[in-house]
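K.L.:
Chains A and B are the protein sequences, given in the same order.
For what it's worth, this note's numbering labels the leading residue of the first sequence as 1, then goes sequentially.
For what it's worth, this note's numbering labels the leading residue of the second sequence as 304, then goes sequentially.
It cannot be assumed that every hint is accurate.
What the hints assert, rightly or not - Have a look at the derived ranges for each label pair, beta carbon to beta carbon:
no.	chain 1	residue 1	chain 2	residue 2	range
1	A	99	B	570	51 to 61 Å
2	A	275	B	634	47 to 57 Å
3	B	312	A	56	33 to 43 Å
4	B	607	A	244	33 to 43 Å
5	B	760	A	7	54 to 64 Å
6	A	235	B	634	52 to 62 Å
7	A	88	B	602	48 to 58 Å
8	A	164	B	544	16 to 26 Å
9	B	486	A	159	41 to 51 Å
10	B	687	A	201	19 to 29 Å
11	B	570	A	56	50 to 60 Å
12	B	873	A	7	46 to 56 Å
13	A	129	B	544	22 to 32 Å
What the hints assert, rightly or not - In silico contact screen, one side only, chain A against chain B (beta carbon under 10 Å); selected entries:
no.	residue
14	18
15	52
16	82
17	84
18	90
19	148
20	167
21	173
22	201
23	205
Hints listed in this document are in silico derivations from the structure and should not be mistaken for laboratory results.
Where a beta carbon is used, it is the ideal one built from N, C-alpha and C, also for glycine.
Listed below are the residues making up each chain.
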Amino acid sequence: MKTEEYSITNLKVLEAESIHIMREVVAEFERPVMLYSIGKDSSVMVRLAQKAFYPGKIPFSLLHVDTSYKFPLMTKFRDEFCTEIGADLIVEQNKEALAKNANPWDLGTIKCCAQLKTGALLGALEKGNYDAAFGGARRDEEKSRAKERIYSFRDAHGQWDPKNQRPELWNLYNGRLNQDETIRVFPISNWTELDIWHYIHLENIPIVPLYFAKEREMIVRKDQLIPVGDKTQLQPDEVPEKVMCRFRTLGCYPCTGAVRSTATSVPDIIQEMMVERNSERITRIIDHDQEGSMEQKKKEGYF
Amino acid sequence: MNVDELLKQNQESDLLRFTTAGSVDDGKSTLIGRMLSDSKNIYEDHLEALTRDSKKLNREEVDLALLTDGLKAEREQGITIDVAYRYFSTPKRRFIIADTPGHVQYTRNMVTGASTANLAIILIDARNGVLTQSKRHGFIASLLQIPHVVVAINKMDLVDYSEEIYENIRAEYNAFLAKLNIPDLTYIPISALCGDNVVNKSDAMTWYKGVPLLQYLEDVEISGDRNLIDLRFPIQYVNRPNLDFRGYCGTVASGVVRCGDKVMVLPSKKTSRIKSIDTFDGKLEYAFPPQSVTLCLEDEVDVSRGDMIVHVGNQPRVDHNVEAMIVWMNEIKMEINKPYIIKHTASDVRGVVAKLHYHIDSDNLHRNQADGLELNEIGRISLELFKPIIFDPYVKNRATGSIILIDPMTNATLAAGMIIDRRGTTEKELTNSRSEPASSNIVREESLVSSNDRQRIMRQKPVTIWMTGLSGSGKSTIAKSLEKKLIELGRPCYLLDGDNVRHGLNRDLGFSAEDRGENIRRIAEVAQLFNDAGMIVITSFISPYREDRAGAKDIIEENKFIEIFIDAPIEICENRDPKGLYVKARSGEITSFTGISAPYEPPKTPDIHIETNTTDVSVAVDRIVKQLVDAGIIIK
Numbered sequence: 001m002k003t004e005e006y007s008i009t010n011l012k013v014l015e016a017e018s019i020h021i022m023r024e025v026v027a028e029f030e031r032p033v034m035l036y037s038i039g040k041d042s043s044v045m046v047r048l049a050q051k052a053f054y055p056g057k058i059p060f061s062l063l064h065v066d067t068s069y070k071f072p073l074m075t076k077f078r079d080e081f082c083t084e085i086g087a088d089l090i091v092e093q094n095k096e097a098l099a100k101n102a103n104p105w106d107l108g109t110i111k112c113c114a115q116l117k118t119g120a121l122l123g124a125l126e127k128g129n130y131d132a133a134f135g136g137a138r139r140d141e142e143k144s145r146a147k148e149r150i151y152s153f154r155d156a157h158g159q160w161d162p163k164n165q166r167p168e169l170w171n172l173y174n175g176r177l178n179q180d181e182t183i184r185v186f187p188i189s190n191w192t193e194l195d196i197w198h199y200i201h202l203e204n205i206p207i208v209p210l211y212f213a214k215e216r217e218m219i220v221r222k223d224q225l226i227p228v229g230d231k232t233q234l235q236p237d238e239v240p241e242k243v244m245c246r247f248r249t250l251g252c253y254p255c256t257g258a259v260r261s262t263a264t265s266v267p268d269i270i271q272e273m274m275v276e277r278n279s280e281r282i283t284r285i286i287d288h289d290q291e292g293s294m295e296q297k298k299k300e301g302y303f
Numbered sequence: 304m305n306v307d308e309l310l311k312q313n314q315e316s317d318l319l320r321f322t323t324a325g326s327v328d329d330g331k332s333t334l335i336g337r338m339l340s341d342s343k344n345i346y347e348d349h350l351e352a353l354t355r356d357s358k359k360l361n362r363e364e365v366d367l368a369l370l371t372d373g374l375k376a377e378r379e380q381g382i383t384i385d386v387a388y389r390y391f392s393t394p395k396r397r398f399i400i401a402d403t404p405g406h407v408q409y410t411r412n413m414v415t416g417a418s419t420a421n422l423a424i425i426l427i428d429a430r431n432g433v434l435t436q437s438k439r440h441g442f443i444a445s446l447l448q449i450p451h452v453v454v455a456i457n458k459m460d461l462v463d464y465s466e467e468i469y470e471n472i473r474a475e476y477n478a479f480l481a482k483l484n485i486p487d488l489t490y491i492p493i494s495a496l497c498g499d500n501v502v503n504k505s506d507a508m509t510w511y512k513g514v515p516l517l518q519y520l521e522d523v524e525i526s527g528d529r530n531l532i533d534l535r536f537p538i539q540y541v542n543r544p545n546l547d548f549r550g551y552c553g554t555v556a557s558g559v560v561r562c563g564d565k566v567m568v569l570p571s572k573k574t575s576r577i578k579s580i581d582t583f584d585g586k587l588e589y590a591f592p593p594q595s596v597t598l599c600l601e602d603e604v605d606v607s608r609g610d611m612i613v614h615v616g617n618q619p620r621v622d623h624n625v626e627a628m629i630v631w632m633n634e635i636k637m638e639i640n641k642p643y644i645i646k647h648t649a650s651d652v653r654g655v656v657a658k659l660h661y662h663i664d665s666d667n668l669h670r671n672q673a674d675g676l677e678l679n680e681i682g683r684i685s686l687e688l689f690k691p692i693i694f695d696p697y698v699k700n701r702a703t704g705s706i707i708l709i710d711p712m713t714n715a716t717l718a719a720g721m722i723i724d725r726r727g728t729t730e731k732e733l734t735n736s737r738s739e740p741a742s743s744n745i746v747r748e749e750s751l752v753s754s755n756d757r758q759r760i761m762r763q764k765p766v767t768i769w770m771t772g773l774s775g776s777g778k779s780t781i782a783k784s785l786e787k788k789l790i791e792l793g794r795p796c797y798l799l800d801g802d803n804v805r806h807g808l809n810r811d812l813g814f815s816a817e818d819r820g821e822n823i824r825r826i827a828e829v830a831q832l833f834n835d836a837g838m839i840v841i842t843s844f845i846s847p848y849r850e851d852r853a854g855a856k857d858i859i860e861e862n863k864f865i866e867i868f869i870d871a872p873i874e875i876c877e878n879r880d881p882k883g884l885y886v887k888a889r890s891g892e893i894t895s896f897t898g899i900s901a902p903y904e905p906p907k908t909p910d911i912h913i914e915t916n917t918t919d920v921s922v923a924v925d926r927i928v929k930q931l932v933d934a935g936i937i938i939k
C-alpha cells in the first residue's frame, strides 16, 4: 500500500474535525442551535453543517442576534441565503434595550455590546432553552480565544471561567450539564483566517458582498475608515468621501472599520492577505476598548 | 509568489500538531514567540501591541512571551495558566501549537495538550539541567504515546554555548528516558532569546551538527503515525433523513474502509457489507483516518451510537473489565468503588474503579501503594464498567484506547485514561503489550519471591543489554568482552549469542522475515526469564527489524531493555567478514543476508551508539559499564 493514497490535506483534516464536532453535539445535546452572524466564518460553519448531516437537512436552527446596527446588505444576504439552503432562521433582539434607544455613541461600545449583543444573546438562548450553541470563533483571532476549549462550558448565567475550564482530551468532549448550564461549541476553533478564505474559494461558498472592494461612502477618522449608516453621528467638519474599500470582518456598522482595497474576488482577497501585515480584528473597535477587553466580554457571556 | 501558488502550497501542506512543555521560566513562551516572529508569522499590530505591553510591564526588551500569555491574570503574574493554541505555517507545513504550562499543579494541562499532539517539545534550561519537572514531562510524553519527542536544551547563551554542558544534560536525560517508551527522540541545543537554532542555524554552536528546531518540525515524517491497518469506525450518529436512507456517521479512527468490505458491527457481532461511503461531495471508494464520512450497509442491521464497525478478521476487545493508566485532573480525590461516567469513543458508560494497583511517582517512576489519587497524580486502575466497551490498548490505537472519567454529580472531567493491554492480571509494565497465550486457561502463577528480593541479594537491577548491528559489526566481540568485564566486577550475567541459540532453542527457524521475528520473540522471552531470575542478560543478534526489536522490548519490559547499536559501515563489515558469510552472500550461496539481500533497519534512538570503526573494544565496554553504573543498574 502506498501512503500517497491516504494523504490528506490540512483543510480536509480541519473539515473532518469540524464535522466530527457537529455530529457529537447533535448526538449528545437535546436542543442545539447555531449562532449565525452572517459573516464569512458563519458561512463556512453552515457549509460544514450541511456536510455533516448530508443527505439530511441541518438538524438545528440558525440564530441571529440582531443589534439593529448591522449593515442592511447583511440582513438582505441573511434572508436570501437561509431561504436558498432551506435553513430554519431565528432572529432575536434585546427589544427592551432598543426601546430605550441603546446605541454605541451614547453608551460607549462596552455598554452597547453588553446590552445588544451579550444581553440579547443570553436572552435568546434562555428563551429557546438551548443547551448547546455553536459559535464561529477561531482561536487565531484573539488572545483569549486562543485559550478556549472546543466545548466551552458556561454557567447558568452564560459566564466563562477561564481558570476553571474542563480539560479537553483527544476528541472526547464532555458535554454533561446540570440545570441551566450551557455549552458553547466552537467547531472551527483550529481554522485560521487563510483557511477560511481558502475554503470559501474552493467550495464556492456565498458571502456578503461587503467583503469585496467597492467605492463606498466613508468617514476617514485617523487611520480608520468608518462606514456611514442611518444613525452615524459625524464629528464637526467631517464629510463622507468615496473610498475604494472593503470589510475584513463584519460587525455592527458603527464599530466596524473598512480597509482600503481593490480586491473584488476571493483570490484577490487572499492575495491581499499575503502582503497584509495587520491582523483581521484591527478594524474591530470593540476588541480594543479596554485592556483584556475580549477576555472580559467572554467572562460575561459574549462569544 | 502569486495567489495560485499560495493556494497550491496551502492545499498541499500537511498539518503537524505539537505541544510544548517546560518548567516555569524555561522559556517556552519565548520560544514560541521566537518561532512565530522569525518565521514571519506575527502581524504588525500584534507586534506593536507587544512592544507597548512590554513597556507597560517594565520589560527591558520586547518580551516575546507576552504573545502567548493572553489572559490578564497571566500577564500580571508572568506565568501561563492554561493551554493556549497557536497557529502558524511555513511553506512546507501548517502547525498547531498547544502551549502548556509547566507548573506542578498543571500536569493536567500538559496531558490535555499532549493528547492531540504528534510531537512534543520538552524544554530544559541549560543552567538548571534535568529537573524533576523535566522527568515528569518525559514521562507524560511516553504515557500519552506522543510519536515524536524533541528535547530542546534552551538558554545555551547563558552557558557560553558549551557542548560539554549540552552533552551532560543529554546523557542524564537519556538515562532517564531509557526507562520509558519514546518512539522517536531528538535533542537540539537552542537559545530562544537569541534565536540560536530556532529558525536559523546557530553560529555560536558549530559543534552541533543537526538541523535547527523549525527545520526539524518541518521535516519530521508523520504520515506513518496513523494506523491504517485496524479498521475502527465508532458510530457517532445515525442519519435517517428519510425512509430511503440510513447512514452511520463517524470519523475513521484507524484503518481503511472500502465499498464492498465485509464488516461486523460490535457489540452485536452482526455482519454485513459496506454498500456505500457517502459525503456531501460525492460517494467515496474508500475512506481512511481522519476522514469524517457516512457509511451505508447492505443489510438492515440494528446499529446505534457507540457501536463500532470493524473488519470481520480484525476485531477489538469488548469487555466490562478494563485496566488503564490514569492521570487525575481534579481536586475531588479518586475513590475506589465510587461511580463515575466513562466516556470512550462515542459511548458513555457508568462504572467504578474496582482497584488502584499503584500510584506511580512521575519524578522517579517509583510505584507506591495508595488508596486514592489526587490532582495531578498518575496511577494504574482496574475499571468495572456496567456495560462493555469496544476498545484496543492505547499503545496500539490512541483513538480506541483513550477514556475520560466524568463526575456524575458535578459533571467535571476528572481524569484521562490510557487503556492497557491486559485482562485482570497484575503488576506488569504499563505499556507492555505482550500477546495473550493461545489458550485462555493459562494463568500466571505468582512466585513467593519478588523481583525486589532477588535484586537485593544480587545487588543489581536485572536488565537486558540488547546489541543490534550488521554481521561483522563487532557485536559478539563486544558482547563477550562485556560479559567478561561484568563477571570480573562480580555481576551475575549471561550472554545469549545468535549462532548458539540457533543451534538449539531456535534450530527449527530459518531466515525469512517471519522466522527472524519468531527467533527474536523466543530470545526475548528467554532474556525475560533470566531477568526475572535476577541476571543481567547480554544479547548479540543482528535483529534487523525495528518492529521485532520493539516487540522484544515489550516482552522484556521497556525499563529493563537497553538497546545498543553496534554500528559499522557495511564495507567495513564485509572486509572483516569473520565467518566468510559476506562472500557466500555475494555469490548467492546464502539468501536473505542482512545488508546484502535483506534490509537492516538501524535504531532511531538507541540507548548507546557505538561506532566500531572508530572505537576500541575496551573503550566500548567501558562506556557501557559506565552507563550501567550511572543508571544505577549495577552498584560498583
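K.L.:
Run every hint past the structure and note whether it holds.
P.N.:
Hint-by-hint comparison with the structure:
no., hint, verdict
1, A:99 x B:570: 51 to 61 Å, "holds, 58 Å"
2, A:275 x B:634: 47 to 57 Å, "holds, 50 Å"
3, B:312 x A:56: 33 to 43 Å, "holds, 35 Å"
4, B:607 x A:244: 33 to 43 Å, "violated, 57 Å"
5, B:760 x A:7: 54 to 64 Å, "holds, 56 Å"
6, A:235 x B:634: 52 to 62 Å, "holds, 54 Å"
7, A:88 x B:602: 48 to 58 Å, "violated, 34 Å"
8, A:164 x B:544: 16 to 26 Å, "violated, 39 Å"
9, B:486 x A:159: 41 to 51 Å, "holds, 42 Å"
10, B:687 x A:201: 19 to 29 Å, "violated, 52 Å"
11, B:570 x A:56: 50 to 60 Å, "violated, 26 Å"
12, B:873 x A:7: 46 to 56 Å, "violated, 33 Å"
13, A:129 x B:544: 22 to 32 Å, "holds, 25 Å"
14, 18, "holds, 8 Å"
15, 52, "holds, 7 Å"
16, 82, "violated, 18 Å"
17, 84, "violated, 16 Å"
18, 90, "violated, 21 Å"
19, 148, "holds, 8 Å"
20, 167, "holds, 5 Å"
21, 173, "holds, 8 Å"
22, 201, "holds, 7 Å"
23, 205, "violated, 12 Å"
This entry does not satisfy hints 4, 7, 8, 10, 11, 12, 16, 17, 18, 23, going by the numbered hints stated previously.
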